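Based on these hints, arrange chain B on the given structure of chain A.
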Amino acid sequence: MLHKRLLIVTGKGGVGKSALVAALALRAALDGKRVLAMAMTEDSGLAVHLGMERLTYRPRPIRSGLDAMVIERPAALNEYLEVQIGIPKIAQLGPAARAFDALASTAPGIREVITIGKVLYEARKGTWDLIVADGPPTGQIVSHLKAPTTVAHLVGAGRVLDQTGWMIRLLRDQAATGLVVVTMPEELPVTETLESLDTISSDSLISIEPIVINRTLDPLEGALNRLRKGPAKQAALLHRALYEEQQRWISQLPPGPHIPYLFGLHTPPEVSARIADLWRPS
Amino acid sequence: MTATTILVTGGGGVGKTTLSAGLALAAARSGNRTLVLTVDPAKRLATALGLEGLGSEPTPLVEGLSGAMLDAAHSWNEIAKRYAPPDVGSRLTSNPFFEAATQHFPASQSFAAAEEMTIHIDSGIWDVIVVDTPPSGGGIEFFTSPARMRSLIGGRLLKWLTGGSLPGRRLFYQFTARPALRIADAALGSELLEAVADFLIDLRAAYDGIARRSREIERHLAASRRVVVTTADPAPISEATKFFELENGTPDLVLFNRVLPDDWYGAVTDAPAPFAENLSRWGMESRRQAEARHGFSSRWHVDPATIPWQPHAPNDPESLLEMIDSADGLDLGVLLG
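If you read the protein sequences in the order shown, they are chains A and B.
Each residue of the first sequence is one higher than the last, beginning at 7 in our numbering.
Each residue of the second sequence is one higher than the last, beginning at 4 in our numbering.
Rather than coming from a laboratory, the hints here were simulated on the basis of the structure.
It is possible that some hints are incorrect.
As the list claims (entries may be wrong) - Sample of chain B residues at the chain A side, in silico, Cβ under 10 Å:
| no. | residue |
| --- | --- |
| 1 | Leu-48 |
| 2 | Ala-198 |
| 3 | Pro-237 |
| 4 | Ala-274 |
| 5 | Pro-275 |
| 6 | Pro-277 |
| 7 | Glu-288 |
| 8 | Arg-290 |
| 9 | Trp-312 |
| 10 | His-315 |
To be verified - Here are the simulated DMTMM-like cross-link-like pairs (lysine to aspartate or glutamate), alpha carbons at most 20 Å apart as the crow flies:
| no. | chain 1 | residue 1 | chain 2 | residue 2 |
| --- | --- | --- | --- | --- |
| 11 | A | Lys-235 | B | Asp-266 |
| 12 | A | Lys-239 | B | Glu-280 |
| 13 | A | Lys-10 | A | Glu-215 |
| 14 | A | Lys-10 | A | Asp-135 |
As the list claims (entries may be wrong) - The following residues of chain B were derived to be distant from chain A, with all beta-carbon distances above 12 Å:
| no. | residue |
| --- | --- |
| 15 | Val-65 |
| 16 | Glu-66 |
| 17 | His-77 |
| 18 | Glu-81 |
| 19 | Ala-235 |
| 20 | Thr-253 |
| 21 | Ala-279 |
Remember, it's a predicted structure, so these values are computed and weren't measured experimentally.
We put the beta carbon where it would ideally sit given N, CA and C, even for glycine.
Isolated chain A (complex conformation) (with noise of 0.2 Å):
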């Protein structure tokens, strides 16, 4: 998936959407890429995977070949009135923006366009090899996927209107642009997973890239019975019980990579750098 242009990751809160995210900016950089890494919501937890304490709107380098952001609110509705619609800076001071903000947000799909906007802007201007996106959670994905076309229908006139038409096709180009979604093996996050793939696939509005799965135990072979008591015991049992567990909600989803547990990892960085690392090509 490094192939495309851009990658928007989504997944349930929890998931390991955000160590994913960084990951793969990782990877992508380590082999040689210019790597855009965005945080599409304010509160996302890329800044901490990237050992960050805080991101900024203007993409700061977080080591060679990788620089990261964050999609702010106010920064990025000024960019998108300046550059997007040709609104003049001097026009946007004071409370107009804000009023625009206000505006715009009542009305459905326009403060979506406006983040998505900005993640298919900074793709299309081909500074970067690789844009990686830690994008809405999964609950939110598809009301984002959709903004341009549900902006398009709802604005008749304008000039939001004209600016969703290459979004559209940018969104749709399959070469260019993949949607991740990262799961765990549990109910939730599995049936979440499911219920938004449906309606991304029916809609056709993004390729969708192979499902992750994250936190996957491995098999443990051997013969329970002869153990004795004890904290061996204890330990296998729980795992046999986990991966059981585990394999059942595997099966409901479409055959992807798994990013194994992880045992034993302390701070979010050195999550996002052992996934990294495991993904080395060999």
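Chain B only, in chain A's frame:
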């Protein structure tokens, strides 16, 4: 009498819904008329508690325990009807943008959930109400939502845009707002703009009612018991930290979920190779958990309760209660008394 309210908070995926159900069952077992308010239960848990098909009205589940779902879209309809002037309320809810706009308000889901909770507290029929808080904004939004709702609807921006004193529609195009409206007009087209403007004007008219209500909600939130659920993983811990940084009160109880036994670390075994290796991996995990827990405890001066990692997810009232009973350091009296 006033219900004791227990707010179960924490990051996504830590087991809030399951623990809320367990705590509610335990409260009911001690003879309290108990209500559990939940957001999005897993199907298995829903089946276990008979929650399937649950609506926003409390429904009896087991002896002493009822349940209801928190449904934000439904609540906003009610909020508009209850707290806006009558004619404005019905105009608001029939506006084509009503649903989209209320879903988009910052902290909208949380505010609606807190409103539902407050109605149940005021009903006076419950001894204990356990609230499984919505995960949006890491759950922290639940506490900040009343203030954010006031500043949104009563904010200078909306006032300025719609004219200071709730005028008729024409004042919307007042002079100072014109540059902004010209931008919006060019960008969005004027038909859309008018519909949106109507909506915002009506929303402003609902401010007084919503502001008064939001203060009542805040009082209830301040008086409630707070439980923070976390696992020892880095992301949930950093979410849990935020609940200690709130201005209007700190957690009464921290619950570490999915805890491994301390004695796994360094345990030696003569078990065959795969089991010995497996134990050493889980042992490492157990030590990492203990370190994370101690780090958290000493930073916030708390004595967390721990819930052992359940090999099988609880799937009926008995196993939910067993899970609560297996907790170490969990004093229900502190929460209920």
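- Query: Which numbered conditions among the earlier hints are violated in the structure presented, ordered from lowest to highest?
  - Reply: 19, 21
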